[in-house]
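A.B. asks: This is what each chain is made of:
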Amino acid sequence: METMTFATQNLWTWWFALYLFLGGMGAAVIVVSFLSHMYLREEKELVMWGAISGTIMMVVGSGMLFLHLLNKWAAIYILTPWGIFHKPDSWIAWGSQFILWLQVAAILYALPYMVEKPRLLHWPLVGALLKMKFTRDVALVATRFQPFLAWVAVITGLGTAVYTGLLLQSFPAVTLWHNPAVPILFTVSAFSTAMAWLLIVMYLFIYHRVDHTIRALYERVDMCLITAELVIIYSFFNFTLSGSESGYRSAELLWGNPGWVLGFVVMGLMVPLAMEVKCVFGRWSGKVPIVTASLLVLSGGFLLRHFFMQAGVYAYPW
Amino acid sequence: MTRYAMVIDMNTCVGCNACMAACSLENQTPVWSDQWRTYVHDRETASGRAVHRHFIPRLCNHCANPACMSVCPTGATYQTKDGVVLVDEELCMGCQACALACPYDARYPYTHDDIAEGKKFYGTLHRKSPSMDKCSFCNHRLEAGKPPACVQTCVGYARIFGDLDNPIDPVTELVRTHKAKPLMAHLGTRPNVYYIPER
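Protein sequences appear in the order of chains A and B. Going left to right, the first sequence walks through residues 977 to 1294 as our numbering numbers them. Going left to right, the second sequence walks through residues 12 to 210 as our numbering numbers them.
The set of hints was computed from the structure by calculation and includes no laboratory data. Just to be clear, a hint being listed does not mean it is correct.
[What the hints assert, rightly or not] List of simulated lysine-lysine pairs, BS3-like, C-alpha gap at most 25 Å:
# : chain 1 : residue 1 : chain 2 : residue 2
1 : B       : Lys130    : A       : Lys1048
2 : A       : Lys1020   : A       : Lys1107
3 : A       : Lys1048   : B       : Lys157
Using the sequences plus the hints, can you model the full thing?
C.D. replies: Quick look at the structure:
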């Protein structure tokens, strides 16, 4: 063959990036808030915010995928628990089960606190549901199984975060996607955005109801995660520069795109890292710098996935 | 056992596109959406004042290690014992992961709109539900002892269909002697469509 054609895909676009972003972040939000609850402090507010916001993120993210299915009725095959025994080699089959059981475990874990929360009880529909005797009975049973539910949530949450990267890794024709660093990058990014979201929640919504040490720890961990993300991005840059034409063309698409360079690398990683370093080492105080840094991390998390999907290059021998 | 394979001789393909026409009529593909189970790329290369046209037919490679099958979450994509990779349209939810996994750009979505259009275009449509679609090596014809429609219609005998498990089949000989080579063998998909390069 004397000719080559290079093409990007147009099937999974921004909505799929949103699925990967919200799925990864939602799962990591639940994992982080539950682990904090188990091993740091019994912050009920943080658990409720983590469980509810994480579940909403995953519902919206999964909804993006569901809305774009050609035959929505056939989705039943991946929602039944025996789906993974039928297709254990498919990451979407695993991811669907992780997401499903993570949401169940997350809501059940937080339910005992939710039925006691006066503000939630006044919400329309939610309040009515929480006041039902059945819900209160379930909450009572869930209290007894809280450690079990927490570990179900943590394991399926970790699985979901890793799955978002493993899914892309399973496409062999695209060098940018088909390498072992993708699941690591997406997992690190999922936890970084989860930390950022929980920092926003703690600074803006439950500032006086959560211990300061948790905020301080999250800031430090997020700083480390952003640093790790920068190292992985740099290794990706080196990896794609040589070895395959597909990878090289992906590098050209990414590093020639101001959205990737300025939007993701500079504004989504470097600037928030600098701001968090300044906050952690005491040069800045108050809510504005850390909330701004967290918002930038969130936008960076989406842009990473958006441009990553966009820059996957297929090299066809025709 | 039978292991179906196809050899495409790039020296005798004249780019008439009869294979595309035969395939679309046989398998009722959504040609109005410019989607084909087999497609012939027409490329020109120039060297000095000499210009060459190259015709490169493409279709599903019915890989022995198909990436599309392993990513499929519902099991809609499956392999027959003869090595043909098929899609069960009832099981397929149309997540399109298989299209991204395929290195040969062999898959496309057959949508609700395509079904409505197909009923008008073909009169009666065999398909009932939307799903991902791709070449089936005309499996229904193979079961009836006939070759795929594209092979039967090819005027230049550029498409040769056979059984790799049959030692005296011409396809086996072409593959064994490396006169016919697979596309992108380095990806490990073990394709079962081979090409005889232009001389």
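A.B. asks: All the hints need checking, so say for each whether the structure fits it.
C.D. replies: Here is what the structure says about each hint:
For the proposed pair B/Lys130 and A/Lys1048, the alpha carbon gap of about 21 Å is at most 25 Å, so the pair holds. Of the pairs offered as hints, the one joining A/Lys1020 and A/Lys1107 holds, with about 19 Å between alpha carbons and a cut-off of 25 Å not exceeded. This hinted pair does not check out: A/Lys1048 and B/Lys157 have alpha carbons roughly 35 Å apart, beyond 25 Å.
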